[in-house]
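Listed in order, the protein sequences are those of chains R and H. The opening residue of the first sequence carries number -12 in the working numbering; numbering runs sequentially from there. The opening residue of the second sequence carries number 636 in the working numbering; numbering runs sequentially from there.
The reader is advised that the hints may include incorrect statements.
As the list claims (entries may be wrong) - In the PhoX-like style, the derived pairs of lysine-lysine whose C-alpha atoms are separated by at most 20 Å in a straight line are:
no., chain 1, residue 1, chain 2, residue 2
1, H, K702, R, K27
2, H, K675, H, K744
3, R, K39, R, K9
4, H, K692, H, K676
5, H, K741, R, K28
6, H, K744, R, K23
7, H, K703, H, K672
8, H, K675, R, K27
9, H, K676, R, K27
10, H, K692, H, K741
11, R, K9, R, K28
12, H, K672, R, K23
13, R, K9, H, K676
14, R, K6, R, K23
15, H, K672, H, K691
16, H, K675, R, K23
17, R, K23, H, K702
Stated by the list, open to error - Listed next, with one range per pair, are the computed distances between beta-carbon atoms:
no., chain 1, residue 1, chain 2, residue 2, range
18, H, N664, R, P(-5), 33 to 41 Å
19, R, T67, H, E650, 44 to 52 Å
20, R, N57, H, N710, 37 to 45 Å
21, H, N657, R, H60, 36 to 44 Å
22, H, K702, R, S46, 28 to 36 Å
23, R, H64, H, L644, 40 to 48 Å
24, R, M2, H, V640, 30 to 38 Å
Claimed, not checked - Beyond 12 Å from chain R on every Cβ pair, some chain H residues (computed):
no., residue
25, V648
26, H649
27, T653
28, K676
29, G688
30, I689
31, L696
32, K703
33, F706
34, T712
35, A713
36, L723
37, V747
38, K748
Since the hints were made in silico from the structure, they are not lab data. Every residue, glycine too, gets a C-beta built ideally from N, C-alpha and C.
Okay, here's what each chain looks like letter by letter:
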Amino acid sequence: ETGVTQTPRHLVMGMTNKKSLKCEQHLGHNAMYWYKQSAKKPLELMFVYNFKEQTENNSVPSRFSPECPNSSHLFLHLHTLQPEDSALYLCASSHPGQGSYEQYFGPGTRLTVT
Amino acid sequence: EDKVVQSPLSLVVHEGDTVTLNCSYEVTNFRSLLWYKQEKKAPTFLFMLTSSGIEKKSGRLSSILDKKELFSILNITATQTGDSAIYLCAVGGNYGGSQGNLIFGKGTKLSVKP
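Next up, chain R with everything else stripped away, as it sits in the complex (with noise of 0.2 Å):
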């Protein structure tokens, strides 16, 4: 399988449950973000992991949490989430230390918070 993959790719979730939203990237890079797309909004970046460190942190609230096990995955755990934070969450994977601002984003998830 190539490019970068998540599931699941629709989920429907209740304020009080816990779920986990997990990305996979096979192209070999170093860098792995997740974004959040809202409707007439531009792509919010969120969390940023190079070589597995986070780099950036856009105060998200803590509602979401981030891991990066390795280079190759990236997870978004998410608890006591608001309606408002429906939205298409998208990863996505680059190689900046060759120089190249090129992401490759994945398919996304469809979040609906009810």
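Dock chain H against the given chain R, drawing on the hints supplied.
Here is chain H on its own, set in the frame of chain R:
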């Protein structure tokens, strides 16, 4: 504050028309400007521009960057219904101590009617 502004936000044309999408930016540590096409879920990479005045071309799509005036345009000639999508502009640089981060515009939603 770093920002990327795209215009128009939406555009409706007929097949065969030529369209020009605009992207202006105000960022520090600019390194590259990227265009993506987002049809359903995952944004797919179109172009990366780093030098002024050098046109990048792929089929009916072309793009150019003006680093003096801080903008880029994406041209699509002889549009087809398959060109209907959201076109995202992003600027890459060294933000927050992390190379490779991208700042995205809101996107231009292009609809091509038969």
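Sort out whether K23/R lies within 20 Å of K675/H, counting only the CA atoms. Distance ~15 Å between K675/H and K23/R Cα, so the pair holds.
M2/R and V640/H, beta-carbon distance inside 30 to 38 Å? holds (35 Å)
Just double-check L696/H for me: nearest Cβ-Cβ distance to chain R has to come out over 12 Å. L696/H clear of chain R: closest Cβ-Cβ about 16 Å, beyond 12 Å.
Is the Cα-Cα distance between K6/R and K23/R 20 Å or less? OK: K6/R and K23/R at ~16 Å, within 20 Å.
For K676/H and K27/R, compute the direct alpha-carbon distance and say whether it is at most 20 Å. holds (15 Å)
Cβ separation of N664/H and P(-5)/R, checked against the hinted range 33 to 41 Å: For P(-5)/R against N664/H, whose Cβ atoms are near 36 Å apart, the range 33 to 41 Å holds.
Outside-interface status for G688/H - nearest CB in chain R farther than 12 Å: holds (19 Å)
Beyond 12 Å from each Cβ of chain R, as asserted for V747/H: At roughly 21 Å from the nearest Cβ of chain R, V747/H sits farther out than 12 Å, so the non-interface label holds.
Does the claim that I689/H lies off the interface hold, with its Cβ farther than 12 Å from every Cβ of chain R? holds (16 Å)
Take a quick look at whether K741/H and K28/R sit within 20 Å of each other, Cα to Cα. holds (6 Å)
Beyond 12 Å from every chain R Cβ: check whether that's true for K748/H. Given that every Cβ of chain R is farther than 12 Å from that of K748/H, nearest at about 22 Å, it holds.
Please settle this one: A713/H was flagged as non-interface, so is its CB more than 12 Å from every CB on chain R? holds (26 Å)
In the structure shown, a violation is registered for the earlier hints numbered 1, 4, 7, 10, 11, 17, 23, 28, 36, in ascending order.
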